[in-house]
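All chains, please: the whole structure from these sequences, using the hints.
The primary structure of each chain is shown beneath.
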Amino acid sequence: MRETWVVGAASNRFGKMKESARESATRVALEAIRSSGLEPKDIGHTFVANAFGISEHQAHVGPLINGGLGIPEVPSATIESACSSSSAALHEAIVHVGGGFEDAVLVVGAEKLSHLDTLAATSYFAIAADYPFETKNGATFPGLYATLATAYEHHYPTKPEMLGSIAVKAHANGARNPHAHFQKEISMDTYLNSPMIASPLRLYDCCPFSDGAAAVVVAAKEFVKQPAAEPLVVRASVRTGSVTEMQDRPDLLGLPATRAAAAKAFRQAHLEPKDIDFAEVHDCFTIAEIFALEDLGFFPQGAAGAASLEGTTARDGRLPVNPSGGLKAKGHPVSATGASQVVEVFEQVNGLAGSRAVPRTDVALTHNVGATGGSCSVHIFARR
Amino acid sequence: MVTDELPSAPHTILEWFHGYEEEGRLRGFKCRHCGLVTATWALACARCGRADLEETALAATGAVVAFTILSVPGDDFLNDAPYAYVVVALDGGGRITGWMPTVRDASQIAIGDRVRYVSSYKPGVQFAKDAGTPSTA
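For the protein sequence lines, the chains are V and P, in the order given. For the first sequence, the working numbering gives the first residue as 1, with consecutive numbering after it. For the second sequence, the working numbering gives the first residue as 1, with consecutive numbering after it.
None of these hints come from the bench; they were simulated from the model. Be aware that one or more of the hints could be misleading.
Said to hold, decoys possible - Some chain P residues judged to face chain V by a derived CB distance under 7 Å, without partners named:
| hint | residue |
| --- | --- |
| 1 | Thr38 |
| 2 | Ala42 |
| 3 | Leu43 |
| 4 | Ala46 |
| 5 | Ala66 |
| 6 | Phe67 |
| 7 | Ser71 |
| 8 | Val72 |
| 9 | Asp75 |
| 10 | Phe77 |
| 11 | Arg95 |
| 12 | Thr97 |
| 13 | Ala106 |
| 14 | Ile111 |
| 15 | Val118 |
To be verified - FRET-style restraints, in silico, Cβ to Cβ:
| hint | chain 1 | residue 1 | chain 2 | residue 2 | range |
| --- | --- | --- | --- | --- | --- |
| 16 | V | Leu253 | P | Leu78 | 28 to 38 Å |
| 17 | P | Ser8 | V | Ala59 | 27 to 37 Å |
| 18 | P | Cys34 | V | Gly302 | 25 to 35 Å |
| 19 | P | Gln108 | V | Thr190 | 21 to 31 Å |
| 20 | P | Gln108 | V | Leu192 | 14 to 24 Å |
| 21 | P | Cys34 | V | Glu39 | 49 to 59 Å |
| 22 | V | Gly302 | P | Leu43 | 32 to 42 Å |
| 23 | P | Asp75 | V | Arg383 | 45 to 55 Å |
We put the beta carbon where it would ideally sit given N, CA and C, even for glycine.
Structure, rendered in structure tokens:
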């Protein structure tokens, strides 16, 4: 494996986009390439994530994006892994560059859902579960995580304030992130008084439906003579899978795909959880952040809720988690989410995070889950 | 090159639907090698990897291992919310997910509750509280 860097990154503001996924993807891709100091013609391959592009009646969007960038001859492929689509695309880029197949690869994820009503958007999300065996039996995406939450709370007594502290922290961070869908703090009372969506998950336990786009440029160290920004050295790039259906998982107290990804990533990086300075984890629901913190090895099982309530994962805590606001407040434009986590690491490392800057930025971890854990990506980045 | 014949699944997903919708029974697969029982369609066992599955009948009764009360439903269940979505460990092995139209509040259900599959023409695998055994709630 050649040493591989993330040399450029860009995101638009998540929320509601007027333009299509195709247009926004092209725009952030150009911005990411410019931030890297490379030219579009340096790109050898583009990996695109746009899981629900079909809702815009557009498949095969990669060639359109490359055409819009003035590089129509560059090959592209769309990678679909539900909510982890763009981190899966990033993994492909790292494999291509690290393996010597290409010197520089573009990763871009974009999603537009705001042209759908809530029911249609909920239905699109739900087809990422096992459609006949879960969705057709009444599951929704919040419902599946809520079912896991009930099982977790049965084993580990969990106060509503523990989940609430994750939502409050996410919004506090999102309020300082110009890319965030929600740039507004919320109080614990607001959280506790929000309506139940799927017990025990309230409205403020759930990430929003967002539009958005994010892009990352990956290049070989030897190819980049003079990086335009401080690059992120890829120390680990791991993908794992697990049984999708909840009915076939013997253990409902976390996500097996995350546990496997963490073990492999820390082995690959020759690092341990205590070496991580900050993390962007997959908090599609507050309970998902608890699972992530425990499954990644940052806290023992059953301990992440109390740690969150104590402020351990706040910006100034021992382990800042989701300084971007996370999926919860920054927003969750499905296929842009994984790339946007890397944008946050890039901005933190390059001193571009403004008032949401975390104290230490030498080693960072990103964690992105596909649906309810059928897929998982973990990446670890370090400074040169 | 020796090519083994591909295994055929003991039933199709359509037959699985037919089983609970028309025949009022829950079909499943059993691994002849490791004994895993599952409701989920497959050609090989998710636990041991052997392609040696046989048709098995799943029990109609079991216990709730996880649940939620869904207030915002998917499109097949628009007029049914709130309802319980449940994962049930069936007596005799295998777990299955389903829903309970008569359970509309978290105070009406608990992990460990006994439930019974009820045949119905409504969508999905439907459960009701099993009157035969007391609730653990």
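Comparing the hints with the structure gives:
| no. | hint | verdict |
| --- | --- | --- |
| 1 | Thr38 | 6 Å, holds |
| 2 | Ala42 | 9 Å, violated |
| 3 | Leu43 | 15 Å, violated |
| 4 | Ala46 | 6 Å, holds |
| 5 | Ala66 | 4 Å, holds |
| 6 | Phe67 | 6 Å, holds |
| 7 | Ser71 | 5 Å, holds |
| 8 | Val72 | 5 Å, holds |
| 9 | Asp75 | 5 Å, holds |
| 10 | Phe77 | 5 Å, holds |
| 11 | Arg95 | 4 Å, holds |
| 12 | Thr97 | 5 Å, holds |
| 13 | Ala106 | 5 Å, holds |
| 14 | Ile111 | 5 Å, holds |
| 15 | Val118 | 13 Å, violated |
| 16 | Leu253(V) with Leu78(P): 28 to 38 Å | 32 Å, holds |
| 17 | Ser8(P) with Ala59(V): 27 to 37 Å | 32 Å, holds |
| 18 | Cys34(P) with Gly302(V): 25 to 35 Å | 30 Å, holds |
| 19 | Gln108(P) with Thr190(V): 21 to 31 Å | 28 Å, holds |
| 20 | Gln108(P) with Leu192(V): 14 to 24 Å | 22 Å, holds |
| 21 | Cys34(P) with Glu39(V): 49 to 59 Å | 55 Å, holds |
| 22 | Gly302(V) with Leu43(P): 32 to 42 Å | 37 Å, holds |
| 23 | Asp75(P) with Arg383(V): 45 to 55 Å | 48 Å, holds |
Comparing the model with each earlier hint shows violations of hints 2, 3, 15; every other hint is respected.
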